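Asker: Model the full structure from these sequences, guided by the hints.
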Amino acid sequence: MSAFFRKRNLRYPLLALLALGMAAVILISLWSEWGAGIFAILYGAAITSAWVLEKRNYEETEKHIETLSYRMKKVGEEALLEMPIGILLVNENQQIEWANPYITSALDYETLIGESVYSLTEEFNQLVKSAESNEMVMSLGGRKYRVYYRADDRLFYLFDITEQVEIETLYHADRTVIGILFIDNYDELSQGMDDQVRSNLNSLVTSLINRWGTDNGIFVKRISSDRFMAVFNESILKQLEETKFTVLDDIREVTAKDNMALTLSIGVGAGSASLIELGAMAQSGLDLVLGRGGDQVAIKHPSGKVKFYGGKTNPVEKRTRVRARVISHALRDLIQESDQVFVMGHKMPDMDSIGAAVGVAKMAEMNRVKGRIVIDFDEYDRSVMRLMEEIESDPDLFERFITPEEALSEMTEHSLLVVVDTHKPSMVIDERLLQRMERVVLIDHHRRGEEFITNTMLVYMEPYASSTAELVTELIEYQPKHEKLTMLEATAMLAGIIVDTKSFTLRTGARTFEAASYLRSNGADTVLVQRLLKEDLDTYIERAKIVQSVEFVGDGIAIAKGEPGRIYSPVLIAQTADILLTMKDVNASFVIAERTEGGVGISARSLGEVNVQVVMENLGGGGHLTNAATQMPDASIEEAVGQLKTVLSENDRGGSEE
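Mind the numbering: the sequence shown is residues 1 to 658 in the working numbering, read in order.
Think of the hints as simulated: they come from the structure by calculation, not from any bench. What you are looking at is a predicted structure, and each value in this text was computed from that prediction instead of being measured. Any given hint might turn out to be false.
Said to hold, decoys possible - Straight-line C-alpha distance at most 20 Å; calculated PhoX-like pairs for lysine-lysine:
1. Lys307 - Lys244
2. Lys534 - Lys502
3. Lys502 - Lys584
4. Lys238 - Lys347
5. Lys584 - Lys545
6. Lys144 - Lys244
7. Lys307 - Lys238
8. Lys244 - Lys347
9. Lys484 - Lys370
10. Lys305 - Lys424
11. Lys424 - Lys307
12. Lys645 - Lys307
13. Lys370 - Lys481
As the list claims (entries may be wrong) - Pairwise CB distance ranges (calculated):
14. Ala544 - Thr486: 34 to 42 Å
15. Thr454 - Pro84: 52 to 60 Å
16. Glu234 - Val137: 19 to 27 Å
17. Phe159 - Leu18: 54 to 62 Å
18. Lys238 - Pro425: 31 to 39 Å
19. Arg432 - Glu535: 30 to 38 Å
20. Glu389 - Glu277: 23 to 31 Å
21. Asn587 - Arg520: 28 to 36 Å
22. Glu563 - Asp258: 48 to 56 Å
23. Arg432 - Met136: 37 to 45 Å
24. Val553 - Ser521: 42 to 50 Å
25. Glu234 - Lys257: 32 to 40 Å
26. Thr454 - Glu132: 29 to 37 Å
Note that the Cβ used here is the ideal one computed from N, Cα and C, for glycine as well.
Answerer: Quick look at the structure:
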């Protein structure tokens with residue numbers, strides 16, 4: 001019982017009242033003894049009653065508190081020993097000094113005393129060392145526990161949440177998922193078919209997709225000639241991810257036997273309780289897949305995270321000259337409405353970026369509008385340096401090149417910014433120009449990634465094209481002929497095509513040769529291109545040293561790395577990857593080396609069996625099925641090799657994430 005209660009402070013006012021009563025009796029007796037006697041009797045009775053009542057209340061309260069203390073102590077002991085909450089008390093070495101019976105029996109131990117909590121699970125070590133949180137969910141004895149740690153008392157509380165986790169798992173597994181399936185090249189293939197062949201094609205595609213839906217428990221409904229709607233749940237989605245959406249391969253292989261070669265693209269919305277949001281994410285995922293060339297699956301979540309599966313084939317050439325002409329005319333109108341045109345490529349520009357920029361600037365000149373090419377004169381590789389030396393010898397062409405600072409000072413609200421050879425804001429030469437300009441046009445040949453330049457007035461992205469220079473060449477053909485291409489301008493664009501196609505050996509279509517033919521007829525010098533692409537002996541030796549470090553991972557995957565502490569140009573890394581790909585039994589090559597800007601760069605090449613674009617996207621980069629790259633600014637060479645091997649292993653088991 002508390003010392004405060006034992007003082008019995010209520011008795012002091014009673015004593016004071018008694019003293020005052022006695023004084024009152026004395027004063028009253030001066031006037032009347034009888035009155036004083038009666039007052040004294042009544043007052044004494046009242047004081048006595050109050051005193052006795054106070055004593056009785058004190059004794060009863062004391063008895064109640066003693067009983068309550070006993071009950072609380074008993075309940076506390078029972079709580080420690082009987083309640084379904086695990087309690088572990090440890091010493092400074094994290095050895096268990098005491099454990100209640102509940103957790104001892106739950107973990108099937110005779111006694112836990114003397115055991116290290118780390119021997120139960122290493123997660124205790126993470127919880128003890130964590131400065132951000134004093135709780136963690138752990139698996140112990142086949143059950144899930146939420147563990148709270150009180151560092152001051154070295155005390156762990158363990159709450160069994162197994163049923164809660166199971167209910168959450170069932171809830172997430174049963175959440176609705178919506179998918180939109182699109183047959184990529186249905187219109188092109190069915191356009192020239194007669195009714196019977198088209199009907200057979202429809203029946204074949206419908207039966208394949210319906211069989212896939214039936215086998216996997218998916219509701220599938222055809223909503224148009226080339227679109228299907230699919231409704232399923234997340235547990236089914238997980239199974240589809242484990243099998244890597246084999247329906248893509250089935251559609252491609254079965255239709256290829258009949259010389260139709262259809263491919264399927266799927267956009268999936270998952271992770272939301274809103275059907276409207278799921279539908280919007282499914283359509284957004286499908287748009288993303290089509291922007292990357294089709295024959296893939298994109299699974300999109302509300303967080304913005306996207307997983308990709310498939311992409312095993314090169315994009316099918318779908319555009320016609322009608323589309324190129326329409327885009328060219330739309331770009332012509334935008335140029336004519338502008339006071340000047342600024343063209344910007346990606347950081348560390350290559351031949352394709354410079355060639356495409358030169359072509360767009362020429363389009364501006366063809367429309368009697370000043371065209372300016374934004375470039376960082378301190379950031380380009382040796383091959384581009386030779387091209388820039390040639391450009392410097394042509395004053396009319398060289399004066400079009402300006403720095404980002406000059407562009408920012410010259411831009412007006414009526415200016416037009418054209419971004420070429422990239423669609424990622426983080427990759428452009430200077431993001432300030434994007435933020436400053438409201439009128440932006442995008443021309444690119446890379447497969448679209450999640451990071452994308454928004455609020456553009458015109459987008460021309462064709463992932464099947466060999467290069468951006470090829471796209472720009474076709475656009476030039478439909479521009480006014482006020483100005484003709486000069487020899488150097490045509491050569492710069494042809495060099496971009498040659499570099500990106502590895503001398504017309506990779507990603508080369510009929511339109512690529514047509515573009516090259518157009519440039520050649522306008523004076524492109526192939527001898528000058530070869531001179532621009534020549535390399536010196538030191539570069540050859542450097543490349544050979546990197547090749548010596550090659551190691552094989554898996555089936556036909558080669559990884560080579562540069563010397564730690566030595567800086568290599570991105571072009572040298574890319575060339576080394578190309579060389580490795582020509583070696584016997586190499587299906588994909590990855591070259592890792594340190595970069596001038598810090599960190600490391602990875603250049604990836606493939607013959608098509610390995611989708612290097614997906615691998616590089618997992619590491620923050622991108623590219624094409626057979627040609628991709630990434631930069632890792634905070635990683636060392638060994639760290640990059642380790643992360644690359646992890647991604648390759650995960651990609652072999654499932655999909656990719658962005």
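Asker: Quick one: are Glu389 and Glu277 within 23 to 31 Å, going by C-beta?
Answerer: 54 Å, violated
Asker: So does Asn587 sit 28 to 36 Å from Arg520, Cβ to Cβ?
Answerer: Given about 34 Å between the Cβ atoms, the range holds.
Asker: Indicate whether the distance between the beta carbons of Lys238 and Pro425 respects the range 31 to 39 Å.
Answerer: 33 Å, holds
Asker: Straight-line Cα separation of Lys370 and Lys481 no greater than 20 Å?
Answerer: Distance of about 16 Å is within 20 Å: holds.
Asker: Assess, step by step, whether the Cα of Lys144 is no farther than 20 Å from the Cα of Lys244, and give holds or violated.
Answerer: 30 Å, violated
Asker: Would you say the C-beta atoms of Arg432 and Glu535 sit inside 30 to 38 Å of each other?
Answerer: 35 Å, holds
Asker: Please work out if Lys307 and Lys238 have their alpha carbons no farther apart than 20 Å.
Answerer: The given pair, whose Cα atoms are some 12 Å apart, holds under the 20 Å limit.
Asker: Please verify whether Lys305 and Lys424 have alpha carbons no more than 20 Å apart.
Answerer: The given pair, whose Cα atoms are some 16 Å apart, holds under the 20 Å limit.
Asker: Would the hint linking Lys238 and Lys347 be met if the CA-CA limit is 20 Å?
Answerer: Between Lys238 and Lys347 the Cα gap is close to 38 Å, so the pair fails against 20 Å, i.e. violated.
Asker: Taking 20 Å as the top limit, are the C-alpha atoms of Lys424 and Lys307 close enough?
Answerer: 18 Å, holds
Asker: With a cut-off of 20 Å on the C-alpha distance, tell me whether Lys307 and Lys244 pass.
Answerer: Between Lys307 and Lys244 the Cα gap is close to 11 Å, so the pair holds against 20 Å.
Asker: For the pair supplied as a hint, Lys645 and Lys307, confirm whether the alpha-carbon distance does not exceed 20 Å.
Answerer: The given pair, whose Cα atoms are some 19 Å apart, holds under the 20 Å limit.
When held up to the earlier numbered hints, the structure conflicts with 4, 6, 8 and 20 and fits the remainder.
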